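Participant: Turn these sequences into a full structure, and let the hints steer you where they fit.
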Amino acid sequence: MNNLMRAYAPPSLVVSHGKGVWLFDENGEQYLDGFGGIAVNCLGHAHPAIAAAIADQATRINHCSNIFVNQQQIKAAQTLCELANMDRVFFCNSGAEANEAAIKHTRLHATKRGISNPVVITFEHSFHGRTMATLSATGNASVKKGFEPLVGTFVHLPYNDVAALEQAFEKHDNIVGVMVELIQGEGGIRPATQAFANAVRALCTEHDALMICDEIQCGMGRTGHWFSYQHYGVQPDVTTLAKSLGNGFPIGACLSWAEAADLIQPGTHGTTYGGNPMAARVALEVISVIQTEALLASNLQKGDVIMQGLREALGDSIVEVRGRGLMIGIELPTDPSDFVTACKAHKLLVVKAANNTVRLLPAYTISEAEIQDIIERMTKAMHDLKEAA
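Quick note: the sequence shown, position 84, residue 84 per the numbering used here, numbers continuous.
One or more of the hints may lead you astray.
[To be verified] Listed below are the simulated DMTMM-like cross-link pairs for lysine to aspartate or glutamate, each with C-alpha atoms no more than 20 Å apart in a straight line:
hint, residue 1, residue 2
1, Lys380, Glu29
2, Lys386, Asp316
3, Lys75, Asp87
4, Lys380, Glu331
5, Lys347, Glu387
6, Lys347, Asp25
7, Lys171, Asp161
8, Lys347, Glu376
9, Lys75, Asp56
10, Lys380, Asp316
11, Lys19, Glu368
12, Lys386, Asp338
13, Lys380, Glu370
14, Lys344, Glu370
15, Lys112, Glu206
16, Lys386, Glu331
17, Lys344, Glu26
18, Lys344, Glu29
By construction, these hints were calculated from the structure, which means they are not laboratory data.
Because the structure is a prediction, the values reported are computed rather than measured.
Facilitator: This is the structure we're talking about:
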């Protein structure tokens, strides 16, 4: 491990393999994966349909460059645009790349409007990636240290604050976009209010700005709809996807509709691997499994069971359980690091969000028995912390 660049904290686990919602380390120890690679492994580990699709596609073609187009790419584009009510898609390899493409939409929109000093609104506690533009868009100062000067353009506002948003549009006549997570992930599993979602859409329409929904963590069915904006009845101009789109295979997507879809023209953007036949085939298979197994509806039901079970089991040891579908946050009164460690001691893997929340982002395929297993292990972990206090 000494040869790995130290971009991440020292690992506490060396993984060997996975099966369903279970991970196995190099010593054969079995762990219940409660966060699915941070909302990536939506169908669990080693799903047979995904494995079969990868094996089959590997015998056909993996890559042919975007000088050409491939059959899988065409099918994936059509399918995603239908699900998202969009017109066009740009395929890439990650969430940060998808958000970079969305930010490029805003720059091209500014050029179209004749604005030389464009402003894009983003929100406090947001997370949009670690490339320079997406890092600048992110509303978390701690991840930006050492990278100044940042990319200009971005103004960060309080999340769920309609008045602050209205005041920003009154103050700036050069706003060309609003980038928002309608359920903040890294920010602590914080859903937008209906009033806030409505205001973003209305103000963008009124002021000729692009509404961009970052669906990288909350999209692809995790919340019970394909996209979180569908819960709110609003239609963004641009949306971004990654994570669950490939169930662990690298793929991202930036989708746009109407006039926004015409902003990207030949020569304005590109990526070597984006939309390669293998990635597109995997995305199609992920969508097919979600549809065939009716996982959207079951995600809502399973999420309700988990949230209610945790509220009853953890009681006044926690501040709140919140979320939608299988995107769940457990807010604690203190830093959650010790609780995350206690869960790991009970062979349950969870991850922090913000400075007071634990995230649960399990596979959509999780069983009723495994759900109860999560609740029991979390209950034991909390009991251990109380005993040690």
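Participant: Let me make sure I understand: some of the numbered hints might not hold for this structure. Which ones are they, in numerical order?
Facilitator: none
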